[in-house]
Amino acid sequence: MKAERISTKQDGRWLGLYVLAYLVFLYLPVLLIPLFSFNDSIQAAFPLQGFTLQWYATLHGNPALSGALENSLVIGVMAASGATLCGITVSYMDLYGRSPMAATISAIARLPILIPGVIVGISLLILVNLVGLGPSRIAIVLGHILVALPTTVVIMRSRFAAIPKTVREAALDLGASDWTTFRRVMLPLSLPAVLSAFMLAFLISFDEFIVVFFLAGTEPTLPLYIWSQLRFPRSLPTVMALGTVILAVSFVIAGTAEVLRHRGLGAVRRVPANPA
Amino acid sequence: MLLPGAIVTFLLILFALGLVLFLAFRNNDGSLLGTGFSLANVLTVVSDPLYWTVTLRSLIIAALVTLATVVTAYPVAYYLAFHAGRRRGLLLFLVTLPFWTSYLLRVFAWKIVLAYNGVLNSALIESGIWSEPTLAFLNTPAAVVVTLAHAYAPFAILPIYVALDTIPKSLIEAASDLGARPFTSFRRVVLPNSMPGVLAAALVVFVPTVGDYVTPALVGGPASTMIGTLIQAQFGKANDWPFGAALSVCVMLVILVVVLVARGADRRFGSRT
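Just so you know, the protein sequences line up as chains A and B, in that order. With our numbering applied, the first sequence closes on residue 276, and no number is skipped along the way. With our numbering applied, the second sequence closes on residue 549, and no number is skipped along the way.
If you're looking for bench data, these hints aren't it; they were derived computationally from the structure. Heads up, the beta-carbon is just placed ideally off N, CA and C, and yes, glycines get one too. Mixed in with the good hints there might be a few duds.
[To be verified] So these bits of chain B aren't anywhere near chain A, every CB distance computed over 10 Å:
id, residue
1, H359
2, N393
3, G404
4, N415
5, I443
6, R464
7, P468
8, G520
[Unchecked claim] Selected chain B positions facing chain A (in silico; Cβ < 8 Å):
id, residue
9, T348
10, L447
11, V465
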């Protein structure tokens, strides 16, 4: 018995090393972008040529870039609002609505996971042309609501499910209507998860490329701007500087969302086996 | 309260997919929805060997990527579930963080790694292993596989981890009490019980990779054209929407078959436990 326990402990150590190597593989290629964004050379190659901030300076005063940034921010906020609203209502009705319709909607809402982005993109392109919108900001917002929907539904569903049933039943027993219970009890208790879902949906929209490629009109988003610059070898350092800023912002938003997702349930009960 | 969800799911998902199916059986006359009923698009996709080649290549690339991501992710998920202890939360966060970073930037990173005068070539020459830069990295199907496997790696860990984490510890203890060696109890208890997670992971990696068009365009070169590339071209340069819709329908059918096979496998493993 004792020998066995030692062997599993050693297994754990070897596995730990493996996980470390895996994390290096996961992060190394991505971290090359910030590394070479400070490199004083037009080529991303070793040896490093010395430290420079000139590529970051090229980001400033670039009207095409700031236009794309503004576009991405507006679309991100609108898409995240839509996806969060849908995520809240779809998962709440799925859990407490007790109608076959609500269950069906919830099932279809998770369907985009099984559709490649290129098909989501072209199907929406046909749709927005059919209704006369054409490729436009609104078209992109609709596309991103769709792409972010499975994420917001999953986050909100697990949060609503984590609130003890007794809380909702107490509100209903005290005479609150379904709507009041939702608005005054369930929604406030889920607020951190709502924020978390909103931030992650924003991030999905902000970074999304595969669907937006088909739906953008004359105003590109930031990923489309990057794509257009990839053809020019001379603008690669600028792309790396821009990429570094985007990565940093993404890390901060994702980190904050992760913290929020697990916060606030302590008031209701301690969550067992909290993964964070 | 059902309204927002109903609009999105019925209009944006079901109706839009229905439009694709409808368009696949129309003739291209330059108008939005084409004219007449026609099987020509579907017949071309099925009869032209070019589309078989590209579809087969997409399937092989997606299968290799899926295999690579699932096999490499499994030990990580296993460590998270059974050995991570207090570091579990931090590690879970670290493996999911890349999921929230730009896919385009992750692919772009591989482009600068694999380029002729890129990171890998220059590092190999700098360290004396290589004497001349090689063209062999970029613009190959292998580059597509490596890049996609890296880009979708975070997708695979979470489903496997959840499956492993929900295996009752008493099952594993019972196996070792009954005299099973650690490897036997892994093979006969842990692995079969985690198969639903493995299959879910395989699906969430397979679906986006089989339809991908960005990675082949950036690091794949002409020899790595995938079915997504062809669909994108029909809605762009080639401007034959009905034919692009027919290709999309074929991709969805392929995915449907894969999902059904995975379901069947899931049920088999499910009945064993």
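Now for the hints, and whether the structure bears them out:
Distance check on B/H359: its Cβ comes as close as 4 Å (rounded) to a Cβ of chain A, failing to clear the 10 Å threshold; non-interface status is violated. Listed as a non-interface residue, B/N393 fails to keep its Cβ farther than 10 Å from every Cβ of chain A; the least gap is roughly 5 Å. Chain A leaves B/G404 outside its interface by the beta-carbon criterion, the shortest separation being 12 Å against a cut-off of 10 Å. At roughly 14 Å from the closest C-beta of chain A, the C-beta of B/N415 stays outside 10 Å, upholding its exclusion from the interface.
Every beta carbon of chain A lies more than 10 Å from that of B/I443, the smallest distance being close to 13 Å; the non-interface claim holds. At roughly 16 Å, the least C-beta separation between B/R464 and chain A is larger than 10 Å, which holds for a residue marked as non-interface. The Cβ of B/P468 sits about 19 Å from the closest Cβ of chain A, beyond the 10 Å cut-off, so the non-interface label holds. Under the 10 Å C-beta cut-off, the non-interface status given to B/G520 relative to chain A is violated; the minimum distance is some 6 Å.
Hint status for B/T348: holds, given a least beta-carbon distance of 7 Å to chain A, under 8 Å. Evaluation of the B/L447 hint against chain A yields a violated restraint, the C-beta minimum of about 16 Å exceeding 8 Å. Look at B/V465: its Cβ only gets to about 14 Å from chain A, farther than 8 Å, so that hint breaks.
Checked against the numbered hints given earlier, the structure breaks hints 1, 2, 8, 10, 11 and satisfies all the rest.
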